[in-house]
Amino acid sequence: MSTPSLPPEDRGASATEPPDDELLAAELVLGVLGTAERRAAQARLESDPQFAARAVRWERRLAPWLAEFEPAAPPPLVWAQIRQRLGWRTEPPSAPGWWHSLVLWRAAAGVAAFAALALWLTRPPAPPRPSPPVVQAAGGEAAAAKPVTTLAHDDGTPGWLASVDRSRGTVLMVPVPSAPDAQGRVPELWIIAPGQSPRSLGQVSINKSHTVAVPPDARMALGPGSVLAITLEPASGIPHARPSGPVVAKGAIQT
Amino acid sequence: MSDVSGHNAAAASLEALMAQVALGNRAAFETLYRSTADKLFGICLRVMNQRAEAEEVLQEVFTTVWHKAAQFDAGKAGAMSWLGTLARNKCIDRLRTLPLRTAFGPLELAAEVADPGTSPAQQVEMLTEGARLARCLEELEPRRRSLIREAFFGGFTYEELATRVQAPLGSIKSWIRRGLLQLRACLEP
Numbered sequence: 027m028s029t030p031s032l033p034p035e036d037r038g039a040s041a042t043e044p045p046d047d048e049l050l051a052a053e054l055v056l057g058v059l060g061t062a063e064r065r066a067a068q069a070r071l072e073s074d075p076q077f078a079a080r081a082v083r084w085e086r087r088l089a090p091w092l093a094e095f096e097p098a099a100p101p102p103l104v105w106a107q108i109r110q111r112l113g114w115r116t117e118p119p120s121a122p123g124w125w126h127s128l129v130l131w132r133a134a135a136g137v138a139a140f141a142a143l144a145l146w147l148t149r150p151p152a153p154p155r156p157s158p159p160v161v162q163a164a165g166g167e168a169a170a171a172k173p174v175t176t177l178a179h180d181d182g183t184p185g186w187l188a189s190v191d192r193s194r195g196t197v198l199m200v201p202v203p204s205a206p207d208a209q210g211r212v213p214e215l216w217i218i219a220p221g222q223s224p225r226s227l228g229q230v231s232i233n234k235s236h237t238v239a240v241p242p243d244a245r246m247a248l249g250p251g252s253v254l255a256i257t258l259e260p261a262s263g264i265p266h267a268r269p270s271g272p273v274v275a276k277g278a279i280q281t
Numbered sequence: 007m008s009d010v011s012g013h014n015a016a017a018a019s020l021e022a023l024m025a026q027v028a029l030g031n032r033a034a035f036e037t038l039y040r041s042t043a044d045k046l047f048g049i050c051l052r053v054m055n056q057r058a059e060a061e062e063v064l065q066e067v068f069t070t071v072w073h074k075a076a077q078f079d080a081g082k083a084g085a086m087s088w089l090g091t092l093a094r095n096k097c098i099d100r101l102r103t104l105p106l107r108t109a110f111g112p113l114e115l116a117a118e119v120a121d122p123g124t125s126p127a128q129q130v131e132m133l134t135e136g137a138r139l140a141r142c143l144e145e146l147e148p149r150r151r152s153l154i155r156e157a158f159f160g161g162f163t164y165e166e167l168a169t170r171v172q173a174p175l176g177s178i179k180s181w182i183r184r185g186l187l188q189l190r191a192c193l194e195p
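As they're listed, the protein sequences go chains A and B. Each residue of the first sequence is one higher than the last, beginning at 27 in this note's numbering. Each residue of the second sequence is one higher than the last, beginning at 7 in this note's numbering.
If we strip away everything but chain A, and leave its shape as in the complex, we get (with noise of 0.2 Å):
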């Protein structure tokens, strides 16, 4: 398109103009409008659909930047605030014993995120099933009714959620995503049954969801009682005969 050469100050006495509107969303977008300008650009994005999409043209090319910020961490208090803000609490924060129950809360709040999550991921390319299609039609809910096991870190918090399929003899771990292990070592997942000693299934990822294949000599100990668990190990070697690194989350499975 064409660059209009507008006079710097009065953009006013043409105020229709298309390049005008064009200018107007960059500059709503890039955030350099004053406080009474700014009010009326946005009353346009609600009034004006053609104007709306200039703007989200415009967002969309300054996107990029937006990954030049540095991450920081704000203080835990500005989540209890947020929830306060939504209603969700009604005990006010400074009840003693406060930062325990959201730990707690969190952490069951985790494993249900994660189990709607694990579903949602489950759910829509669903496993080819080996039994015959024509009897399935409502098959899909039976995969998505499994209970999820979760491998919580020692301070409660949910490390991985994992969903036992004793039939298939297959494990679907979906991880809270992590930050990779300061020394390269990477997560194991060993299955651990009453009496027994640990057994490798294989590395897990810390971000993305996969299904680990149980080996047929160990889908014996897929059931009630057994634990599984996640030690930090050397890259190489894995599956290793036992493990040699930290448990870094662990949990009873739930079948």
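Misleading hints may appear alongside valid ones.
[Said to hold, decoys possible] Restricting the straight-line Cα-Cα distance to at most 30 Å, the calculated cross-link-like pairs of lysine-lysine (BS3-like) are:
| # | chain 1 | residue 1 | chain 2 | residue 2 |
| --- | --- | --- | --- | --- |
| 1 | B | Lys74 | A | Lys234 |
| 2 | A | Lys276 | B | Lys74 |
| 3 | A | Lys234 | A | Lys276 |
Hints are computed from structural coordinates only; laboratory data are not their basis.
Using the hints, position chain B against chain A.
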């Protein structure tokens, strides 16, 4: 989140979380907070340049996310871009309710010193687009370039920029507007 190979998965899971939040899933909302609050707080902190204000805005950003997550359209923007744009917008709204910021030191628009350009981007979602924007920005006259960047990262108005640069308001407007149109022409030839 920070490793490049896992980025697509992380982005996909952010989008899945947004979908859950739109459905009113509080637990998904908490997970979304835990995955994105640092980045969004970084935006607020830099634009507001004041901790207490930045914390206020961050609260506002997330309450808005809770109420408006349904407006997020994964087909139009990545979740991180959507959230970042929202955060920056909220910051600017907030700044406009505050007095003009005159406490900032004068801004030198060095004519030949190049801007740092884009840093090694951690948000790979924006990488290729970011390279294009950086390249197009390079083509701008340095004065226009630094004014536009200053406005983007510091949330300054024309008026504040004019004070800081100690140039007539009209010139500042004209430089920025020409720069923006030039940028658009370069990004969409």
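Going down the list of hints, with the structure as the test:
Between B:Lys74 and A:Lys234 the alpha-carbon distance is near 26 Å, which keeps this suggested pair within the 30 Å criterion. Pair hint A:Lys276 plus B:Lys74 does not hold up; C-alpha atoms about 36 Å apart against a cutoff of 30 Å. A C-alpha spacing of about 18 Å is found between A:Lys234 and A:Lys276, which places the hinted pair at or below 30 Å, so the restraint holds.
Against the hints set out earlier in the document, a violation occurs for number 2 only.
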